[in-house]
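S.K.: With chain A fixed as given, assemble chain B onto it according to the hints.
There are 2 protein chains.
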Amino acid sequence: MFTRCVRNILSRSAFTVTLKRHSWRRCSTSQTETVDQVTTLLQLCVDRFFVSPGHANVELFQRGLCCSYGPLGMELRRNLLDQWWHSVTRSGAQVFGINTLSSSSSSSREAPTGGQGQLRIVECEQLKQRLGQKQLSKGRLAEEVHMLLQRSPSMRTNLLQGALEQFVPSLELVNRKLPFGLAETGLCFQPAEGSGCSAEVTQTSLVWFCSPRTSSQWLDHWTRQRLKWWRKFALSPSDFSSNEVQQEELEQAASRGVRIIYNFPWGQEVLETLWSRGDAELLHIHKGDRSKLQHQDGRRSIPHVVSVTANMDRGAMAFLSNSLQQLKREESKKKLHQRKVLKLHPVLVPIKVALNIGRGATVELRQICEGLLQEFLEAKISVWPGYLETLPTSMEQLNAKYDEMGVLFTIIIGENTLESGLLQVRSRDTTIKETMHISEIKNFLFRYISAADNI
Amino acid sequence: MFTRCVRNILSRSAFTVTLKRHSWRRCSTSQTETVDQVTTLLQLCVDRFFVSPGHANVELFQRGLCCSYGPLGMELRRNLLDQWWHSVTRSGAQVFGINTLSSSSSSSREAPTGGQGQLRIVECEQLKQRLGQKQLSKGRLAEEVHMLLQRSPSMRTNLLQGALEQFVPSLELVNRKLPFGLAETGLCFQPAEGSGCSAEVTQTSLVWFCSPRTSSQWLDHWTRQRLKWWRKFALSPSDFSSNEVQQEELEQAASRGVRIIYNFPWGQEVLETLWSRGDAELLHIHKGDRSKLQHQDGRRSIPHVVSVTANMDRGAMAFLSNSLQQLKREESKKKLHQRKVLKLHPVLVPIKVALNIGRGATVELRQICEGLLQEFLEAKISVWPGYLETLPTSMEQLNAKYDEMGVLFTIIIGENTLESGLLQVRSRDTTIKETMHISEIKNFLFRYISAADNI
Numbered sequence: 001m002f003t004r005c006v007r008n009i010l011s012r013s014a015f016t017v018t019l020k021r022h023s024w025r026r027c028s029t030s031q032t033e034t035v036d037q038v039t040t041l042l043q044l045c046v047d048r049f050f051v052s053p054g055h056a057n058v059e060l061f062q063r064g065l066c067c068s069y070g071p072l073g074m075e076l077r078r079n080l081l082d083q084w085w086h087s088v089t090r091s092g093a094q095v096f097g098i099n100t101l102s103s104s105s106s107s108s109r110e111a112p113t114g115g116q117g118q119l120r121i122v123e124c125e126q127l128k129q130r131l132g133q134k135q136l137s138k139g140r141l142a143e144e145v146h147m148l149l150q151r152s153p154s155m156r157t158n159l160l161q162g163a164l165e166q167f168v169p170s171l172e173l174v175n176r177k178l179p180f181g182l183a184e185t186g187l188c189f190q191p192a193e194g195s196g197c198s199a200e201v202t203q204t205s206l207v208w209f210c211s212p213r214t215s216s217q218w219l220d221h222w223t224r225q226r227l228k229w230w231r232k233f234a235l236s237p238s239d240f241s242s243n244e245v246q247q248e249e250l251e252q253a254a255s256r257g258v259r260i261i262y263n264f265p266w267g268q269e270v271l272e273t274l275w276s277r278g279d280a281e282l283l284h285i286h287k288g289d290r291s292k293l294q295h296q297d298g299r300r301s302i303p304h305v306v307s308v309t310a311n312m313d314r315g316a317m318a319f320l321s322n323s324l325q326q327l328k329r330e331e332s333k334k335k336l337h338q339r340k341v342l343k344l345h346p347v348l349v350p351i352k353v354a355l356n357i358g359r360g361a362t363v364e365l366r367q368i369c370e371g372l373l374q375e376f377l378e379a380k381i382s383v384w385p386g387y388l389e390t391l392p393t394s395m396e397q398l399n400a401k402y403d404e405m406g407v408l409f410t411i412i413i414g415e416n417t418l419e420s421g422l423l424q425v426r427s428r429d430t431t432i433k434e435t436m437h438i439s440e441i442k443n444f445l446f447r448y449i450s451a452a453d454n455i
Numbered sequence: 001m002f003t004r005c006v007r008n009i010l011s012r013s014a015f016t017v018t019l020k021r022h023s024w025r026r027c028s029t030s031q032t033e034t035v036d037q038v039t040t041l042l043q044l045c046v047d048r049f050f051v052s053p054g055h056a057n058v059e060l061f062q063r064g065l066c067c068s069y070g071p072l073g074m075e076l077r078r079n080l081l082d083q084w085w086h087s088v089t090r091s092g093a094q095v096f097g098i099n100t101l102s103s104s105s106s107s108s109r110e111a112p113t114g115g116q117g118q119l120r121i122v123e124c125e126q127l128k129q130r131l132g133q134k135q136l137s138k139g140r141l142a143e144e145v146h147m148l149l150q151r152s153p154s155m156r157t158n159l160l161q162g163a164l165e166q167f168v169p170s171l172e173l174v175n176r177k178l179p180f181g182l183a184e185t186g187l188c189f190q191p192a193e194g195s196g197c198s199a200e201v202t203q204t205s206l207v208w209f210c211s212p213r214t215s216s217q218w219l220d221h222w223t224r225q226r227l228k229w230w231r232k233f234a235l236s237p238s239d240f241s242s243n244e245v246q247q248e249e250l251e252q253a254a255s256r257g258v259r260i261i262y263n264f265p266w267g268q269e270v271l272e273t274l275w276s277r278g279d280a281e282l283l284h285i286h287k288g289d290r291s292k293l294q295h296q297d298g299r300r301s302i303p304h305v306v307s308v309t310a311n312m313d314r315g316a317m318a319f320l321s322n323s324l325q326q327l328k329r330e331e332s333k334k335k336l337h338q339r340k341v342l343k344l345h346p347v348l349v350p351i352k353v354a355l356n357i358g359r360g361a362t363v364e365l366r367q368i369c370e371g372l373l374q375e376f377l378e379a380k381i382s383v384w385p386g387y388l389e390t391l392p393t394s395m396e397q398l399n400a401k402y403d404e405m406g407v408l409f410t411i412i413i414g415e416n417t418l419e420s421g422l423l424q425v426r427s428r429d430t431t432i433k434e435t436m437h438i439s440e441i442k443n444f445l446f447r448y449i450s451a452a453d454n455i
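Top line first, the protein sequences correspond to chains A and B.
The first sequence begins at 1 in UniProt numbering and counts up one residue at a time.
The second sequence begins at 1 in UniProt numbering and counts up one residue at a time.
Pulled out of the complex, with its shape left as it was, chain A reads as follows (with noise of 0.2 Å):
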């Protein structure tokens, strides 16, 4: 996988030389400098407060595991997991939003859905207490453990079996019609391989209930509409794919399983899994009580079960790959400038608007601001209150600082603002400075932001 990975980058690279000198230029990339290209990506999350520093943090991020995330990588996944939400619930479909608990009584939760009640929540005085008791044997002991550990809840590695508990209640909610959905975002656990450490992942998940004789028309339906969503988003979309999965490696109750996949610099990860699944782990969760589960359409049928199931935490790393742009330009041949820019998709990226003052009356400046980022909350566009620095910074700096950051646009407040109303703006894509009416800039941001969504 490396070996074409790396391939992919030298043709790349052989395409990137030919373009002139003295303009901003992709990097070109090698072996190595596939590694300085992640160092890189790493090192910029942490310094502009998308994951919070410390190795270990970091390395989960890698791992495309939830990490402790900084107040640009919060946003970003918040803003991801909005992007899904609507995608799913306003697609036009029947799908539900609910939500199940992350930890649930052992009893019910012994399903066939993969990897349940591996993970178990355990008091740690209980367990103490037992294993302080004198006079027990150590075969008693060891029963007295395992009594407890069977009463202690399992933690979810998946929301597909909480999506399945409810399905009875839910098929009431659509008067026992098919197709319907039922979508829901939350942290699952998963046993970490030897290290005794358990990993948290942020997932999402559509489990789609249809009848038997569509359910592989759904799953291309639901392939089509994902890479199409996680496309939407992609500074390069040729780096998002799908592929359908090989029949030995397909799932116990599956039948047909497809996979979409992102190009890391290291190699290709999954992103998102979507399964046909047959009705099997349904009829097991509702102990084979058929009548239940029988929609309106066929009588005798049992609805067949899609799952979409997507890692979020991997998606939101995609995006931040994906979206950083490494140009360099050659002045002389000493110096060279590299501009770090991370194009993150407009509507994804944290912060929408940077807010900043230039030469003047500093007092007056700053109430400008002050009344433009109350209009620019109030309108639910970010904003990044600049003016609050204090340490001076070149606007060079600033700039580079804000294109770190992935900041669609910088405006300047300066003297001109308190004389004519007219402010700068630079645009992170461009690069352009426009000069602006400061009653025109708030529609602007937000006719800017509303075009990309509707793209």
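Bear in mind the hints are in silico, worked out from the structure with no lab data behind them.
No residue lacks a Cβ here, since even glycine has one placed at the ideal position from N, Cα and C.
Don't take every hint at face value.
Said to hold, decoys possible - Part of the chain B face toward chain A, derived, beta carbon under 7 Å:
id, residue
1, Q118
2, L173
3, E389
Stated by the list, open to error - With a straight-line Cα cutoff of 20 Å, these simulated SDA-like cross-link-like pairs (lysine to any residue) come out:
id, chain 1, residue 1, chain 2, residue 2
4, B, K380, A, R447
5, A, K138, B, K134
6, A, K128, B, E144
7, A, K128, B, S198
8, B, K128, A, L148
9, B, K328, B, S30
10, B, K287, A, G54
11, B, K433, B, Q397
12, A, K401, A, R339
13, B, K177, A, E389
14, A, K401, B, N175
15, A, K380, B, Y448
16, B, K343, B, R231
17, B, K380, A, Y448
18, B, K128, A, P191
19, A, K380, B, I455
20, B, K401, A, F96
21, A, K292, B, P53
22, B, K138, A, M147
23, A, K138, B, E125
24, A, K380, B, N79
25, A, K380, A, H86
26, A, K138, B, C124
27, B, K380, B, R447
28, A, K134, B, E144
29, B, K380, B, A452
30, B, K401, A, E172
31, B, K380, A, D453
32, B, K401, A, P169
M.R.: Positioned in the frame of chain A, the structure of chain B alone reads:
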């Protein structure tokens, strides 16, 4: 507490009997009726898809714990969390969102923030392996299990710990200037008394860092803000109140505390707690390294911490309880009509509008509904597609159902709509039916909800 509650109820009932007959009026309530009131509320929550059915699940809900929510409950809590988020991040104060892990390796979690390390995630297979080792002595076995327990990650019981850990990287974000806050929402886990089970709670947390001399003022500031927030969405705001925590009930590190409580039919319960916590915990977590913790303004002082923590599962229930109105109308001595209306605030209510069809050409009417549905969804107005229901229902039954779901407006598309573009809109709160042109309805709803939001 119960006697006081009953006294309240009785004094209120004396008031209501003076109301005119033959008009809808609030039910008078006695002690037994309080029980009925609770039963009615819980039954309604299950019947109308706020809470999933099942005795154990409903009990979790009533105890103010996270439970399995149906589509309406899920959406209500989602709206509530969104509103909380906007209120703290758009308050004009410097508040940043973060996301920390819900479990963490044990070493870092030996902190005095209460109960941490009590619940641990244990990998069953590993523990069972230890127990199965025949050659181990009992003492050695107990020791091995102990060690395994120590290495297992512990579940968080609150969000405070994570925020305190993130203080240092966040200090960079604000150029070491106070005050600022870190906001987070997420699941926390609590050991359940006695049962050996653990319980999940959806918490919201604002951890506010300020200079020592202002911490008491900030506590007052946030108390006012938070109480205002709860009351903003209430039908009877006086059911929400705040009180100062008594000296003898103060938590170890805290110098002052305030509780925001809700007056449930069965008594008062705490929704939110604000503590002025001093600097002890911050110092403890950062191992007394004062240089890392110092802010720009005061080189030698360590910030003080004000924590603002709410339980949003209980919050959702408080609003459901607060908004349920039971109105009686005696038409004759034999016939007693009872109308139950869930008067949830327009911003919180899960479904803003229901779309139904009256008499007329079904195919055409449905097409109009589909068009309106898309229009509403694009404007982020949540819709109930009542026109998909094929079971015949009387208009009265339909209205009763939608009132119990809290649906703000019910739209009827009929023959008239095909001819003249006019449709009928019924308001949940006034029960008045108005005629409106189809081109006006979206803006009408949008303005109605926005107006309610901005009061």
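S.K.: Which hint numbers doesn't this structure obey?
M.R.: none
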